[in-house]
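**Student:** Throw the hints in and build the complete structure from the sequences for me.
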Amino acid sequence: MAPKKRPDPRALPGDPALRRELFHSMLLQRRFEEKVGEAYALGKIGGFCHLYIGQEAVSTGVLSMLRPDDYVITTYRDHGQALARGMSPRAIMAELFGRVDGCSRGKGGSMHLFDRNLNFLGGHGIVGGHVPVAAGVGFAIKYRGGDQVIVCFMGESVVNTGAFHEALNMAALWKLPCLFIIENNKYGMGTAVERAAAIKDLDRRADAYAGMHGEHVDGQDVFAVREATGRALESCRKESRPALLEIRTYRFMGHSMSDAVSGTYRTKAELDEQLKRDPVWMMKARMLEAGDCTEAEVSEMEREIKALCQDAWDFADASPEPSPEALYEDVLVDTVS
Amino acid sequence: MAIITYREALNQALREEMSRDDRVFLMGEEVGVYNGAYKVSKGLLDEFGEMRVVDTPITELGFAGVGVGAAMVGLRPVIEFMTWNFALLAIDQVVNAAAKMLYMSGGQYPMPMVFRGPNGAALQLSAQHSQAFESWLAHIPGLKVVTPGTPYDAKGLLKAAIRDDNPVIVLEGEMLYNTKGEVPEHDYLVPIGKADLKREGDHCSIITNGKMALMAMNAADQLAKDGIRVDVVDLRTVRPMDVEAIVTSVKKTNRAVVLEEGWEIAGIGAQVVDYIQRECFDHLDAPVLRVHQEDVPMPYAKGLEKLAKPDLQKTIAAVRKVMYLD
Amino acid sequence: MATKVFMEALSPTMEEGRLVSWLKQEGDAVKSGEVLAEVETDKAVMELTARGDGVLRKQLVAAGTTAPVGTLVGIIAEVNEDIAALLAGAAASAPTASAPAASAPVATAAPTAPASTPARAAAPTPAAPAAPPAPAGRALVSPLARRLADESGVSLGAVQGSGPGGRIVKRDIEEALARGPVGAAPAAAPRPAAPVRTGEAFEDIPLTQIRKTIAKRLSESIGPIPTFYLTAEFDLTRVAEMRTAALALGDGFKVSFNDVILKAVATALTQHPGVNAHWLGDRIRRFGGVHLGMAVATDDGLIVPVIFDADQKGLREISAESKSLAKKARERKLKPEEFTGSSFSVSNLGMMQIDQFTAIINPPEVGILAIGAIEEKVVVGADGGFSVQPRLRVTMSCDHRAVDGAVGAAFLQTLRRLIENPLLLSF
Numbered sequence: 323m324a325p326k327k328r329p330d331p332r333a334l335p336g337d338p339a340l341r342r343e344l345f346h347s348m349l350l351q352r353r354f355e356e357k358v359g360e361a362y363a364l365g366k367i368g369g370f371c372h373l374y375i376g377q378e379a380v381s382t383g384v385l386s387m388l389r390p391d392d393y394v395i396t397t398y399r400d401h402g403q404a405l406a407r408g409m410s411p412r413a414i415m416a417e418l419f420g421r422v423d424g425c426s427r428g429k430g431g432s433m434h435l436f437d438r439n440l441n442f443l444g445g446h447g448i449v450g451g452h453v454p455v456a457a458g459v460g461f462a463i464k465y466r467g468g469d470q471v472i473v474c475f476m477g478e479s480v481v482n483t484g485a486f487h488e489a490l491n492m493a494a495l496w497k498l499p500c501l502f503i504i505e506n507n508k509y510g511m512g513t514a515v516e517r518a519a520a521i522k523d524l525d526r527r528a529d530a531y532a533g534m535h536g537e538h539v540d541g542q543d544v545f546a547v548r549e550a551t552g553r554a555l556e557s558c559r560k561e562s563r564p565a566l567l568e569i570r571t572y573r574f575m576g577h578s579m580s581d582a583v584s585g586t587y588r589t590k591a592e593l594d595e596q597l598k599r600d601p602v603w604m605m606k607a608r609m610l611e612a613g614d615c616t617e618a619e620v621s622e623m624e625r626e627i628k629a630l631c632q633d634a635w636d637f638a639d640a641s642p643e644p645s646p647e648a649l650y651e652d653v654l655v656d657t658v659s
Numbered sequence: 026m027a028i029i030t031y032r033e034a035l036n037q038a039l040r041e042e043m044s045r046d047d048r049v050f051l052m053g054e055e056v057g058v059y060n061g062a063y064k065v066s067k068g069l070l071d072e073f074g075e076m077r078v079v080d081t082p083i084t085e086l087g088f089a090g091v092g093v094g095a096a097m098v099g100l101r102p103v104i105e106f107m108t109w110n111f112a113l114l115a116i117d118q119v120v121n122a123a124a125k126m127l128y129m130s131g132g133q134y135p136m137p138m139v140f141r142g143p144n145g146a147a148l149q150l151s152a153q154h155s156q157a158f159e160s161w162l163a164h165i166p167g168l169k170v171v172t173p174g175t176p177y178d179a180k181g182l183l184k185a186a187i188r189d190d191n192p193v194i195v196l197e198g199e200m201l202y203n204t205k206g207e208v209p210e211h212d213y214l215v216p217i218g219k220a221d222l223k224r225e226g227d228h229c230s231i232i233t234n235g236k237m238a239l240m241a242m243n244a245a246d247q248l249a250k251d252g253i254r255v256d257v258v259d260l261r262t263v264r265p266m267d268v269e270a271i272v273t274s275v276k277k278t279n280r281a282v283v284l285e286e287g288w289e290i291a292g293i294g295a296q297v298v299d300y301i302q303r304e305c306f307d308h309l310d311a312p313v314l315r316v317h318q319e320d321v322p323m324p325y326a327k328g329l330e331k332l333a334k335p336d337l338q339k340t341i342a343a344v345r346k347v348m349y350l351d
Numbered sequence: 079m080a081t082k083v084f085m086e087a088l089s090p091t092m093e094e095g096r097l098v099s100w101l102k103q104e105g106d107a108v109k110s111g112e113v114l115a116e117v118e119t120d121k122a123v124m125e126l127t128a129r130g131d132g133v134l135r136k137q138l139v140a141a142g143t144t145a146p147v148g149t150l151v152g153i154i155a156e157v158n159e160d161i162a163a164l165l166a167g168a169a170a171s172a173p174t175a176s177a178p179a180a181s182a183p184v185a186t187a188a189p190t191a192p193a194s195t196p197a198r199a200a201a202p203t204p205a206a207p208a209a210p211p212a213p214a215g216r217a218l219v220s221p222l223a224r225r226l227a228d229e230s231g232v233s234l235g236a237v238q239g240s241g242p243g244g245r246i247v248k249r250d251i252e253e254a255l256a257r258g259p260v261g262a263a264p265a266a267a268p269r270p271a272a273p274v275r276t277g278e279a280f281e282d283i284p285l286t287q288i289r290k291t292i293a294k295r296l297s298e299s300i301g302p303i304p305t306f307y308l309t310a311e312f313d314l315t316r317v318a319e320m321r322t323a324a325l326a327l328g329d330g331f332k333v334s335f336n337d338v339i340l341k342a343v344a345t346a347l348t349q350h351p352g353v354n355a356h357w358l359g360d361r362i363r364r365f366g367g368v369h370l371g372m373a374v375a376t377d378d379g380l381i382v383p384v385i386f387d388a389d390q391k392g393l394r395e396i397s398a399e400s401k402s403l404a405k406k407a408r409e410r411k412l413k414p415e416e417f418t419g420s421s422f423s424v425s426n427l428g429m430m431q432i433d434q435f436t437a438i439i440n441p442p443e444v445g446i447l448a449i450g451a452i453e454e455k456v457v458v459g460a461d462g463g464f465s466v467q468p469r470l471r472v473t474m475s476c477d478h479r480a481v482d483g484a485v486g487a488a489f490l491q492t493l494r495r496l497i498e499n500p501l502l503l504s505f
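Residue numbers (our numbering), protein chains in the order written: chain A, 323 to 659; chain B, 26 to 351; chain C, 79 to 505.
Keep in mind the hints are simulated off the structure, nothing from the lab.
If a hint is listed, it holds; no wrong ones were tucked in.
Think about it this way: if two alpha-carbon atoms lie no more than 27 Å apart in a straight line, the pair counts; the simulated BS3-like pairs of lysine-lysine are:
#1 A:K464 <-> B:K67
#2 B:K346 <-> B:K250
#3 C:K290 <-> B:K276
#4 A:K497 <-> A:K522
#5 B:K219 <-> B:K276
Under 8 Å between C-beta atoms, here's a sample of chain A residues computed to sit facing chain B:
#6 S426
#7 V459
#8 A489
#9 T657
The C-beta atom is built at its ideal place from N, Cα and C for all residues, glycine as well.
**Tutor:** Written out as C-alpha cells, the structure is:
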C-alpha cells in the first residue's frame, strides 16, 4: 500500500484535546530522554543506554491506538515506548538509576523495562530474539479466544534475522493477532539499512507470508502513524491476521550513549537535513497553525514536563539501592501450579 | 504396578497434566499428526485437538520463542525439541529469554514452561546428533534441569516439571524410550532437586544422572559379584543438585566415581567433584575419578563410537581404581 | 637378598633427619626390627630399625650427617653378597658426612633402584602389593587416612602406605590399628597396654546455640582463645603428712608433692568432663580418659609429654611415669606419640620459687593448671587461732568458649577437696 499523503494541516485528525495529548506524550519522551542523557553524563546511569530522540511519533502514534488489554513488547531502545504506554517517569528513571523503585526493581536497567500492569512485556536485548516471543503472545491470545493484539516493536536490522522470518511465518500460518512494527531509523548500530538488507521497502517482507497486511509510513508524522496503525490493527483484531508496518523514522542520537551522534557512518549534513523533520516540532507547528494551542500554552506544558522529569530524577536519586538479599531473589519462583 | 516403557510413562505424564490443566499445551515438530518423532505424544492430538498439540515448522528458534511468549502471558507450554542437538538453534530463547525473564523483570514474569526432548547419543548418529547437554543447561541460573533415567522418574519428573512455575529442562534419552519399568497408574510426582539412591553399598559411590543411571546400576551389580558394594546416587536433577545426597554417600563410602554421558571439561562431574572436595575433603580415601565421553566429537564408525562413549568396563575399572584394587 | 636402609620419616612432619649415631657397626649381624641407628627428627631422637636380616655391610652416611627422608643410608646383606652395584648407585645420590644436607638430591632414582612406581603397572594383583617408599619430602596420605590417624593416634611415620606412590590409605591405618599398640613400629618397645576402660575414648558434644554465642562473643573480646584465670590456694598439711607417712614405709612409696598434685588433677578431671576436653571449633570433644600433659623444660625449650590414662593409674605409677617422661624429654628421646594427645595439661614452676603464675593454654585443650611454689604461711583457723601451714597457689587458665567460670571453679573446688584430703585419692 502506498504511503499516505500528508494531510491538510487545517484538517488535522482528531479533536484538539487528543492532539494536545499526543503532543504531550511526544514532548515528555523528548525531555525525559534529554534528562536521561544528562544523568548518564553524570554517571547516574551506567551500562548500555539507547536514546529514542527523533522517533517519538512512532511510539506515540502506535501506542495511542491500543487498548489497555493489548500487549506491547519491544527492544532495548525502550524508554519512549514505556512512557507512551503510560509507565511512570519515576519508575523508569529509578530503573535507569538501578534502584529498588525501578519498574524492574533495579534488576533490568535501561534495556529491560517491564510493567505487568500495563501489559508491557519488556525491552529485550538480543536483536530479533523477542519477535518469536511476540508470536507466542499472539498464540496465547488466540488459544484463549481473546481479541487483544500484541504489538512488537523492532529496529529495521531485525528483518534480516532468522528469528524474524520464523516468527512471521508462524504468525501468518497460524493467523495470530500480531502487529509487527519495524522502526526503520536507517541504521542498525552503525550500518546503514541498504548495506544490510537485500530489499528496499522493508514492509514487502510481508508479501512472503500469505494474508499478511504490509505497509510503510512516514514515522515523523504522528497522524500518519496512527492511521496506518489503525488499518493494521483492524486486520489483526477483526480478522486475526498478523500485520507488518515499516515506519520510517530517524534517530537523532547515536546508537547508544557510547556512540558518536555523527561522523563515522553518517554525515553531519545528513543529520541536519533530518533534523528539519523533527517529529516533535513538526507537531507543534501544526498545532499552532490549527489553533489547538498558543505558544504560551506550549511553554506552560514545557514547564510542567520539565518539573515531571526533575521529579523523576529526584525520586530515582532518593530511592534506595537494592539490598544485597535482592541479588538472589527472582532467579526462580518457589511456586507450583 | 504396571510395567510400561519410558515412552509410555512420558505419554501418561503429558496426558494427565493436559487433562488436569487446560493451560498446558504441547508444541514442537511432528508432535501431532505424526504422533511424535519418538511417539511420546501418541494419541494426544486426537484427544486434545490442534490448538493444544501443535505441529510447528522446523524452526527451533521460532517455536521456542513462541513458548516463551505464551508462558509470559499465562499459558504453560511444553516445548518438544525433536532432539536437543537441534535446540542449539533455540539456545537464545532458552538462555536469554526463558531463564532470565523473571530476574530482569524484577520478579514480574515467571516462566512456567518445559523444554523437553531426547538428549545424548543413540547409535551411530555421528557428531551432530550425538551430544549430551546437561552441563550446558545446568550452567544457567533461572533454569531447572531434570534427567530421568527410568520410566518411574520420567513420569514423575515430567509431571513435576509441568506444574513448576519455572522453566524446566527435561533431558530424555533416545536409548531410554523403549526401556521398561514399574510406573504407578495413579497421580504422583518426583520432586525436582532430589537424588535417588538406586543401589546401596558402603565401598564406593557412583554418582550419576540420566541415561547413565542404568549403566551405574549395571556396574554395581557386576561389582557385587566381587564383593564390592556400591552406592549408586542417581542425581535425577542436575540443577538444582542434591548436594546433601552426594555428601551423605561419599562420607559413608570415602570413595567416589562420577559417571556422566557428556564431555569432561566443565562437565556435570566437575561440579560434583567440586562439591565433594569442599564437603568431604577429610573423608576421601582416594581421588575422585570421572567416567565420561572421550574428548572428541562423536565418530560414526561403530568401533570408534564405542571407544568414545562411557561404558560399563570404564565404570567398573574406575571403581576398582578408587578402591586401590588395580 | 640385600636390604636397603633408608632415612625414614619418623615423625609426621619430618622431612629430613640427622643420623646421631650408628648403634650397629659395619660387619655387625642384624635382625629385622633391631635398632640400627639413632636419628634426630624435627621433634625428638628416634630409632631407625632394620627392615631385613643379614649383616650391616655398609654405613653410607656418617654419624652427624643430615639426610632427607628417602636417602639410602646403609645396606644390609649377606656376608658374601655382592653389593657393588648398590654402592655405585648410592654414591651418586647419597650425602656424605661432609655434604650439607640441603644440597642432597631428593631421591633421584638411581638406574638400579627397583622401587620406582612404574613397577606397579606390571603387577596388577589386588592383594596388598608391596608399595614403594613414599617419595622424599612429604608422606602421601589420603585425607581420610590422615584424619583417622589423628583420631586414633596412629603415627603416620610408622605406617607403610599401600596406595599409589606409597600413599597411606584407610586400609593401612586399619591394619596398623589391628596390629596392636597405637602407632608402634614393629621394633619399637610397646607401650604398656592401656587399662581397660568402659565406654568410648571420647564423646563429641554438639555446640548449643548459647555455647556458640559465648564462643563467638568472647573470642571477639579476647582472641583467638578467650582465656580467663581462676586462682585458688590449697592447704597441703595433709599431703605433707601423707608423704612423711609414706616415706616411713620405704623408698618404694616415695612420692613428691607434684605426683600428688598430678594424681589429684587427674582424679578431679574425671568428675569434670567439661574441662577434660578439646575445643574443635564446631564441637567440644570430651574425653573418656584423662591424658595428662605435663610441661617439661628442656634445653631446647618446652615440651609436654603425656601421661595417658592418668585417671586409671595409681600414685606410684604416675610418679614413675612422670619421672621417666621428664628424663626422656630432657634427653630428647620422646617419641611423637608420647607428646601428643593430651586432654588437659599441668605446668609446675614451683621448683623455680614462682609463687603463682598463669600458663598458656595448649590448644585444642580448654584448660591448663599452673602450679606455684609451696610456701609456709600463717593462717587463721576456724577457731580463730593461728597456725602455720604449707600452702600452694594454683591458677587455672580456662578457654571460655568451652569452659564457663562456674565450671572451672567447680573443678578447682573438687581439686581442693582432693588435695586437702589426699586420703580420697586412694578411693
